[in-house]
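K.L.:
What follows is each chain in one-letter form.
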Amino acid sequence: MDLKPLVEALLFVTEEPLAADKIAEIAGAGTKEVRRVISELQAEYSQAGRGLQVLEIARGFQLATKAEMAPVVEKLFKGENSYTLSQAALETLAVIAYRQPVTRLDVEAIRGVKVDGVLETLQKRRLIRTVGRKAAPGRPVLYGTTRQFLKYFGLKDLDELPRPEQGKE
Amino acid sequence: MDLKPLVEALLFVTEEPLAADKIAEIAGAGTKEVRRVISELQAEYSQAGRGLQVLEIARGFQLATKAEMAPVVEKLFKGENSYTLSQAALETLAVIAYRQPVTRLDVEAIRGVKVDGVLETLQKRRLIRTVGRKAAPGRPVLYGTTRQFLKYFGLKDLDELPRPEQGKE
Amino acid sequence: MEYQVRLPVFEGPFALLFHLIEKAEVDIYDIPLAEITAQYLEHLQAMRDLDLEVASEFLVMAATLLKLKSRKLLPAVFTAEAEEGEALFSIESQEELVQRLLEYRYFRTVAEELRKCEQAQKRVYLRRLGGGTALVVNPEDELSAAGVTLPALLQAFRRLLAEQERQPQEVVAEEISVDKKMREIMRLLGRKNEGVDFLSLFPGRVAVHEIVATFFALLELVRRRKILLWQPDPLGSLVIMRRAKQGEGSKWI
Numbered sequence: 001m002d003l004k005p006l007v008e009a010l011l012f013v014t015e016e017p018l019a020a021d022k023i024a025e026i027a028g029a030g031t032k033e034v035r036r037v038i039s040e041l042q043a044e045y046s047q048a049g050r051g052l053q054v055l056e057i058a059r060g061f062q063l064a065t066k067a068e069m070a071p072v073v074e075k076l077f078k079g080e081n082s083y084t085l086s087q088a089a090l091e092t093l094a095v096i097a098y099r100q101p102v103t104r105l106d107v108e109a110i111r112g113v114k115v116d117g118v119l120e121t122l123q124k125r126r127l128i129r130t131v132g133r134k135a136a137p138g139r140p141v142l143y144g145t146t147r148q149f150l151k152y153f154g155l156k157d158l159d160e161l162p163r164p165e166q167g168k169e
Numbered sequence: 001m002d003l004k005p006l007v008e009a010l011l012f013v014t015e016e017p018l019a020a021d022k023i024a025e026i027a028g029a030g031t032k033e034v035r036r037v038i039s040e041l042q043a044e045y046s047q048a049g050r051g052l053q054v055l056e057i058a059r060g061f062q063l064a065t066k067a068e069m070a071p072v073v074e075k076l077f078k079g080e081n082s083y084t085l086s087q088a089a090l091e092t093l094a095v096i097a098y099r100q101p102v103t104r105l106d107v108e109a110i111r112g113v114k115v116d117g118v119l120e121t122l123q124k125r126r127l128i129r130t131v132g133r134k135a136a137p138g139r140p141v142l143y144g145t146t147r148q149f150l151k152y153f154g155l156k157d158l159d160e161l162p163r164p165e166q167g168k169e
Numbered sequence: 001m002e003y004q005v006r007l008p009v010f011e012g013p014f015a016l017l018f019h020l021i022e023k024a025e026v027d028i029y030d031i032p033l034a035e036i037t038a039q040y041l042e043h044l045q046a047m048r049d050l051d052l053e054v055a056s057e058f059l060v061m062a063a064t065l066l067k068l069k070s071r072k073l074l075p076a077v078f079t080a081e082a083e084e085g086e087a088l089f090s091i092e093s094q095e096e097l098v099q100r101l102l103e104y105r106y107f108r109t110v111a112e113e114l115r116k117c118e119q120a121q122k123r124v125y126l127r128r129l130g131g132g133t134a135l136v137v138n139p140e141d142e143l144s145a146a147g148v149t150l151p152a153l154l155q156a157f158r159r160l161l162a163e164q165e166r167q168p169q170e171v172v173a174e175e176i177s178v179d180k181k182m183r184e185i186m187r188l189l190g191r192k193n194e195g196v197d198f199l200s201l202f203p204g205r206v207a208v209h210e211i212v213a214t215f216f217a218l219l220e221l222v223r224r225r226k227i228l229l230w231q232p233d234p235l236g237s238l239v240i241m242r243r244a245k246q247g248e249g250s251k252w253i
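Heads up: the protein sequence lines correspond to chains A, B and C, in order. Residue 1 is where the first sequence starts when you use our numbering, and the numbers rise one by one after that. Residue 1 is where the second sequence starts when you use our numbering, and the numbers rise one by one after that. Residue 1 is where the third sequence starts when you use our numbering, and the numbers rise one by one after that.
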């Protein structure tokens, strides 16, 4: 079968962004060819009359609505699906994103406040996860960001988050 | 803004089939115009190079993959969609769909077997629901089909139920 | 010597009866009751021989068949007799039996049609929305859908950091206050209609913490739809603008 409709169908149904080589594996085609087809689809969807786009995100591809459609899409959902991060959550997330893996105490040292509740919320939202335990007394849990974090901020991968090489303590 | 991309975006994001008048309301357009745009989209998607289709189902519209894509999409989901109804469930459902509203005893008389367990399963799967009580001794519960039933069988509405020419008493 | 006996499984007594009628190739309106009854009982016996549980419905039907058969032989004696309540079905005549069989057959045919619909629909997939907030689905997505410009924002940010790195700096572990940064940005934008250059938010020497706070403040303002990020040239610098009222402006992002 023709590759393009297959790729289109996969980009549509997938819950998570799909990497080109994963698509290639599923569709039984070459990664290079898949990339070519994705570019074609991107070009087609980018035309003015279309409401969707092929988004490259979190190291993969996925169909999404175009940003211009947001006001109308919002009306459909009337905010039921949406949430914004609280200030505390955002700040905590910033620390974890830039310092991962970190313990709760590390975060609290930087923010100067307790973060138990916030960590729980962020975990529920699947923006952070436990990534292991620190080799230190009490073996405290280490936190890091998730794939969902990348999706939430529209990042392809963590490298896209500016990582200051110095300035770390 | 142009109506077509908006309709396309809505048909994409919606979890439930969207009725044309609901789309019209959200997009701030006339229902007639929305219907015209949907027809256009249907024609465009029906072309050979496309992997998606505009499905008319359960009194609404929704984007979906084309049936020909199933073998590849299945690979992504690893056969998650493989659940099928048992013969007992299907026959029970047939009686309820064509005779609704019906009581449990009505169904049992037609099928010649007890159906308590099957009714429970069908209710759990949201394919049937209680729609009231019969004005008869014991006020037995009446059953009918749900919107999920239409979606499960890919039907536009109950009028679309297959009607065999012969065999009716 | 062992025999592997396989008995077909029937959904219910009507299904079994149907099978027997079809096998005998007789007209449903003219069932040879004695013959079919005998075969029906044989089947039940076979089930018992195989230690299969014979559901009560099958026994009720057996009784019904025997009753109808005997009525045929002795019509005058039995016609008026009231039957003990048979919960599932009470069939009083062969005509009635035929009607019930036809009705059952109708629903079995219909069930087959539904099976076809089911199979066809199984091949059609809808979009999976996972459990969480699907990025592309909700209003928040404007930010992610703005992914087109966000990488640009990040790139600019990275350049800025590279700049910072060339200059030694002392890190003060002060609390990041995104809130404060957001207020600062809005205050700055308040006075300017034409927008503010992205880089101007990051003056010469600031701690990484502050840059991070500014960065997240920008993200949050975009999310709250307070500001717009606009990149006039593909590789040029970003301009931050106070967001116009609903409707306008989304063309930028």
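Hints were generated in silico from the structure; no laboratory data involved. Just so you know, even glycine gets a beta-carbon here, dropped at the ideal spot from N, CA and C. Please note that the accuracy of each hint is not assured.
[To be verified] Here are the computed lysine-lysine pairs in the DSS-like style, where the Cα-Cα straight-line distance is at most 27 Å:
no.	chain 1	residue 1	chain 2	residue 2
1	B	LYS124	B	LYS114
2	B	LYS156	B	LYS4
3	C	LYS116	B	LYS114
4	C	LYS116	B	LYS124
5	B	LYS78	C	LYS180
6	B	LYS151	C	LYS72
7	B	LYS156	B	LYS124
8	A	LYS156	C	LYS226
9	A	LYS134	A	LYS114
10	C	LYS180	C	LYS226
11	A	LYS114	A	LYS4
12	B	LYS75	A	LYS32
13	B	LYS114	C	LYS23
14	B	LYS114	B	LYS134
15	C	LYS226	B	LYS124
16	C	LYS23	B	LYS75
17	B	LYS75	A	LYS75
18	A	LYS75	B	LYS134
19	A	LYS22	A	LYS134
20	B	LYS114	B	LYS78
21	C	LYS23	B	LYS151
22	A	LYS22	B	LYS75
23	B	LYS156	C	LYS122
24	A	LYS75	B	LYS156
25	B	LYS78	C	LYS72
26	A	LYS22	C	LYS226
27	A	LYS75	C	LYS23
28	B	LYS75	A	LYS4
29	A	LYS124	A	LYS134
30	B	LYS78	A	LYS22
31	C	LYS23	C	LYS72
32	B	LYS32	B	LYS114
33	B	LYS22	A	LYS4
[Said to hold, decoys possible] Ranges between beta-carbon positions, derived for each pair:
no.	chain 1	residue 1	chain 2	residue 2	range
34	B	ARG129	A	GLU15	27 to 37 Å
35	B	GLN47	A	GLU25	37 to 47 Å
36	B	GLN47	A	ARG36	14 to 24 Å
37	B	GLN42	A	ARG99	26 to 36 Å
38	B	THR84	C	LYS180	34 to 44 Å
K.L.:
Look at each hint and say if it fits the structure.
P.N.:
Evaluation of the provided hints:
1. B:LYS124 x B:LYS114: The given pair, whose Cα atoms are some 18 Å apart, holds under the 27 Å limit.
2. B:LYS156 x B:LYS4: 22 Å, holds
3. C:LYS116 x B:LYS114: 25 Å, holds
4. C:LYS116 x B:LYS124: Satisfied, since the Cα-Cα distance of roughly 22 Å is no more than 27 Å.
5. B:LYS78 x C:LYS180: 49 Å, violated
6. B:LYS151 x C:LYS72: 49 Å, violated
7. B:LYS156 x B:LYS124: 22 Å, holds
8. A:LYS156 x C:LYS226: With Cα atoms ~25 Å apart, LYS156 of chain A and LYS226 of chain C stay inside 27 Å; holds.
9. A:LYS134 x A:LYS114: 19 Å, holds
10. C:LYS180 x C:LYS226: 15 Å, holds
11. A:LYS114 x A:LYS4: This hinted pair is violated, its Cα atoms lying about 51 Å apart.
12. B:LYS75 x A:LYS32: Satisfied, since the Cα-Cα distance of roughly 20 Å is no more than 27 Å.
13. B:LYS114 x C:LYS23: 26 Å, holds
14. B:LYS114 x B:LYS134: Given pair LYS114 of chain B, LYS134 of chain B holds - Cα atoms ~19 Å apart, limit 27 Å.
15. C:LYS226 x B:LYS124: 45 Å, violated
16. C:LYS23 x B:LYS75: 42 Å, violated
17. B:LYS75 x A:LYS75: Roughly 34 Å between the alpha carbons, so the hint for LYS75 of chain B and LYS75 of chain A is violated.
18. A:LYS75 x B:LYS134: Given that 27 Å is the threshold and the Cα spacing comes to 41 Å, the pair is violated.
19. A:LYS22 x A:LYS134: 33 Å, violated
20. B:LYS114 x B:LYS78: 35 Å, violated
21. C:LYS23 x B:LYS151: Between LYS23 of chain C and LYS151 of chain B the Cα gap is close to 37 Å, so the pair fails against 27 Å, i.e. violated.
22. A:LYS22 x B:LYS75: 11 Å, holds
23. B:LYS156 x C:LYS122: This hinted pair holds, its Cα atoms lying about 16 Å apart.
24. A:LYS75 x B:LYS156: 25 Å, holds
25. B:LYS78 x C:LYS72: Status violated; Cα separation ~58 Å.
26. A:LYS22 x C:LYS226: 38 Å, violated
27. A:LYS75 x C:LYS23: 61 Å, violated
28. B:LYS75 x A:LYS4: Holds. LYS75 of chain B to LYS4 of chain A sits at ~17 Å (cutoff 27 Å).
29. A:LYS124 x A:LYS134: 22 Å, holds
30. B:LYS78 x A:LYS22: 14 Å, holds
31. C:LYS23 x C:LYS72: Within the cut-off at roughly 23 Å; holds.
32. B:LYS32 x B:LYS114: 48 Å, violated
33. B:LYS22 x A:LYS4: Answer violated: LYS22 of chain B to LYS4 of chain A is near 32 Å, above 27 Å.
34. B:ARG129 x A:GLU15: 27 to 37 Å: 28 Å, holds
35. B:GLN47 x A:GLU25: 37 to 47 Å: 27 Å, violated
36. B:GLN47 x A:ARG36: 14 to 24 Å: Given range 14 to 24 Å: holds, Cβ gap about 20 Å.
37. B:GLN42 x A:ARG99: 26 to 36 Å: 51 Å, violated
38. B:THR84 x C:LYS180: 34 to 44 Å: Once the Cβ atoms are compared, 59 Å apart, the range 34 to 44 Å for LYS180 of chain C and THR84 of chain B is violated.
Of the numbered hints stated above, those contradicted by the structure are hints 5, 6, 11, 15, 16, 17, 18, 19, 20, 21, 25, 26, 27, 32, 33, 35, 37 and 38, listed in ascending order.
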